[in-house]
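Asks: Sequence:
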Amino acid sequence: MYDINKVREDFPILGREVYKKPLVYLDNAATTQKPLMVLDAMRDEYLNVNANVHRGVHYLSQQATDLHEAAREKVRRFINARKIEEIVFTRGTTEAINLVAQSFCESQMQTGDEVIVTDMEHHSNIVSWQLQAMKRGIVVKHVPIMDDGLLCLDQLEALITEKTKMISVVHVSNVLGTVNPVEQIIKIAHAHDIPVLVDGAQSAPHFKVDVQAMDCDFFAFSGHKMYGPTGIGVLYGKEEWLEKLPPYQGGGEMIDKVTWEKTTFERLPFKFEAGTPDYVATHGLAKAIEYIDSIGFEAIQAHEQQLTKYCMEQLLTIPDMHIYGPKDTSLKDAVVSFNVGDIHHLDMGTLLDRLGIAVRTGHHCAQPLMDRLGISGTVRASFALYNTKEEIDALVAGIRRVSQMF
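With our numbering, letter number 33 in the sequence shown gets 28, and the count goes up by one each step, no holes.
Hints are all accurate, no fakes.
No farther apart than 27 Å at their CA atoms in a straight line, the calculated lysine-lysine pairs in the BS3-like style are these:
1. 136 <-> 233
2. 203 <-> 182
3. 182 <-> 78
4. 239 <-> 252
5. 304 <-> 384
6. 130 <-> 257
7. 384 <-> 322
8. 130 <-> 160
9. 1 <-> 16
10. 182 <-> 136
11. 203 <-> 233
12. 233 <-> 182
13. 182 <-> 160
14. 384 <-> 203
15. 384 <-> 1
16. 69 <-> 203
17. 239 <-> 182
18. 239 <-> 160
19. 239 <-> 69
Computed spacing ranges between beta-carbons, pair by pair:
20. 51 <-> 254: 18 to 28 Å
21. 239 <-> 348: 44 to 54 Å
22. 292 <-> 35: 19 to 29 Å
23. 52 <-> 251: 15 to 25 Å
I should point out that these hints are in silico values taken from the structure, not numbers from a laboratory. Keep in mind the model is a prediction, meaning the values are calculated, not measured. Think of the CB as a built atom: it goes at the ideal place given N, C-alpha and C, for glycine as much as any other residue.
Go ahead and model the full structure; you've got the sequences and the hints to work with.
Replies: Structure, rendered in structure tokens:
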């Protein structure tokens, strides 16, 4: 384990007050706070190295390019990709999924072809495919979940047909915290020669991801959910798949040669990176990875698992408490969604906020999942490496206080 008090010093925002109460920040699944080393590195680059990357011959451009490409290598090692050519920088998980959906459907799918997702997907992994369904007539199918929040894996095989061209699945549910058996899903898919896209927005911040061991064909995650800046994310794609797919956008950086007759495209990964990249954010992402590495995923995962287990145990002492998702904390990660009696989730969240406690309320961009659960929304507490048991105690006390008001 690590010194939690020392870690919290790296995040000055955690020391502030809200409504004259100490801030208890439990909305990490939406975005995490940023350590000073990330902020300092980005400020330093803007002050001392700011220049556009790749095509400049002058010193600052070369230096900025070096930092940008060093960040790509840092990401490659972070998820254990084979080559830097397999690391595409995007604005986040959402853009990465949209990139795959658009480029894959354009080149690999025809009217009537199918993509399979699950009932617990974030809207990013539903609407991206629905847009392609409207444009190209593809079919979006979904694997159901059980009442305990686990995937009905036995029904996946039944959904697969000769028209199934892609399976796209969330690694960890942003509502239920369910950790899906992606390795098993990928084996099933590959037995039918179907590629798999994994939404890693809620897994990459919490435990070690190895894309080669997983054998996924695509993997997407966001910087801002893992202590990095907003507006930067990553799409990993196997080289053979990225070579097959057409560019997602057109513009500078992604071209080899342009004439009126024909345009040829840059080599990987630049084929998918049109325009000026957020090269300062990529440097910030690299520093966030360094920060995670300095603590170590083994310690981070152990700490967050303790918090998740403790939170569920304490919440269940509250009358009329309903927790959604797996009861077994070994099957979930760093997220606890709940409702108390007939108190509306928005009312609960609003009143907790007045006590300085930041949680998420609503459908969490997962309305089909809410429909499956028969509710309009939940209150969600989500944890990061800097959260403490004392903060969970404050949450539980706050919920008790709000409950008494109703």
